[in-house]
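Use these hints to put chain B onto chain A, whose structure you have.
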Amino acid sequence: MKRIILFGANCAKCKKTEINLNNVIQKHNLNMIVEKIQDVQEMVKYNILYLPTVMIDNVILFKGIAPSEKEIEKTLTNKLENNL
Amino acid sequence: MFDWAQNIADWFIYEVFHLTRGSKAGDALNFFVFDTIKIFILLLFITLLMGIINSYFPIEKIRNALQKRKWYGLDYFMASFFGTVTPFCSCSSVPLFIGFVQGGIPLGVTFAFLISSPLVDAVTVAMFAGMFGLRITVIYVVSGIILSMIAGFILGKMKIDHLLTEWVQHLIKQKQSASQFVEEKKTFKQRIPEVVKEAMNIIKGVAPYILIGVAIGGLMHGFIPTGFFEKYITKENPFGVPVAVLVGVPMYSNTAGILPIMQVLVEKGIPLGTVIAFSMAVVGLSIPEGLLLKKVMTGKMLAIFFTVVTICIIISGYLFNIVL
Chain A
1 MKRIILFGAN
11 CAKCKKTEIN
21 LNNVIQKHNL
31 NMIVEKIQDV
41 QEMVKYNILY
51 LPTVMIDNVI
61 LFKGIAPSEK
71 EIEKTLTNKL
81 ENNL
Chain B
1 MFDWAQNIAD
11 WFIYEVFHLT
21 RGSKAGDALN
31 FFVFDTIKIF
41 ILLLFITLLM
51 GIINSYFPIE
61 KIRNALQKRK
71 WYGLDYFMAS
81 FFGTVTPFCS
91 CSSVPLFIGF
101 VQGGIPLGVT
111 FAFLISSPLV
121 DAVTVAMFAG
131 MFGLRITVIY
141 VVSGIILSMI
151 AGFILGKMKI
161 DHLLTEWVQH
171 LIKQKQSASQ
181 FVEEKKTFKQ
191 RIPEVVKEAM
201 NIIKGVAPYI
211 LIGVAIGGLM
221 HGFIPTGFFE
231 KYITKENPFG
241 VPVAVLVGVP
251 MYSNTAGILP
261 IMQVLVEKGI
271 PLGTVIAFSM
281 AVVGLSIPEG
291 LLLKKVMTGK
301 MLAIFFTVVT
311 ICIIISGYLF
321 NIVL
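Read top to bottom, the protein sequences are chains A and B.
Quick note on the working numbering: the first sequence kicks off at 1 and runs consecutively.
Quick note on the working numbering: the second sequence kicks off at 1 and runs consecutively.
Just chain A, same shape as in the assembly (with noise of 0.2 Å):
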């Protein structure tokens, strides 16, 4: 199973962003699961500035902004062909 990165705080858009990726990979039945990091320590540790950031394999898919559903589909599903 595939995770998921989500930086995160108790913002908005950071919710909205958790809800949003949860919804996709429940939609499309993806092995992927939701990690959200809240630590700040940790944050430190992957260099990230701003929140909400949304990580696979150390790679940044979205930063800062609540991604709509649409975007998190378009995203995750170019990188899973890319992977194949």
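Hints in this document: simulated from the structure, not taken from any laboratory.
A couple of the hints might just be wrong.
[Stated by the list, open to error] Per the computed footprint, the stretches of chain A lying under chain B, defined by three or more beta-carbons under 8 Å from a beta-carbon of chain B, are:
(1) 2–15
(2) 24–33
(3) 37–45
Cβ atoms here follow ideal geometry from the backbone N, Cα and C, with glycine treated the same way.
For chain B alone, coordinates are given in the frame of chain A:
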């Protein structure tokens, strides 16, 4: 510049709705229609402009530039200036703060960025332009940048690094290598869709506040007699500015809803400088941001930070009232 918008508002209210020119309801509605059109156009223009600048100078690039070279004081200006075009969400203040100080950027410069980013943002600039015109907007932006530089400089000179929380101090000592930020090369055309999307998100987010703010402003415009507040607050009243600022600091709000009301207050007799200082206090500092920053600084440092910025805003309020 917005005569055509006034014409639309006049036509809509007086011709289509047959309200009488000069009547209270007519005036209030006319104000609402005109201001709404004007503000949304300005908002679109300014969020796009700031978005484009930000796209070429993202925060990582600014941080790298500040880290790599000695700027001999110019770094305060850089941080304050680019803070204005960087969209700010208070939840990012902690990672931003850490990211800066950990990279070896002086604490004062980091503070300058942290102050200017919420103080001069696209929404506030657009609201000022819409409500008070170009001259006042330029004064607000320039003084916002200068205020951030001065407050950052004072905080830097106070040598309060030891008041950071322990783990942050530890982190600074480790001095991790600079980030490996590689900027994607994008053409102007490729940047535009992202900038437009972000601008739309900002506008969508503040639209309800603007509508409510302008509606309340419209009502007050129509129904409160001109000069009404002069009885209570005048430029000569020495407590006007500090009271306005101290009320504004704990408030957590954007300027979208507040400034349309402020414009009417100015029209009805409250000094403009006092209103500008109040707006700065509202957007510049807030309790939620303070609570978040508690993760990286001790209560004492937080108190010093808030006090220095508050005093700077109060002083600028007095200056505005002298100049304007």
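Query - Coverage assertion for the segment 37–45 of chain A with respect to chain B, Cβ distance below 8 Å, three residues required - result: Satisfied; 4 residues make the cut.
**Report entry** Given coverage of the segment 24–33 of chain A by chain B, checked by CB-CB distance under 8 Å (3 or more)
**Finding:** violated (count 0)
Query - Given coverage of the segment 2–15 of chain A by chain B, tested with a Cβ cutoff of 8 Å and a minimum of 3 residues - result: The restraint on the segment 2–15 of chain A holds, since 7 of its residues have a Cβ under 8 Å from chain B and three suffice.
In summary, the one numbered hint that this structure violates is 2.
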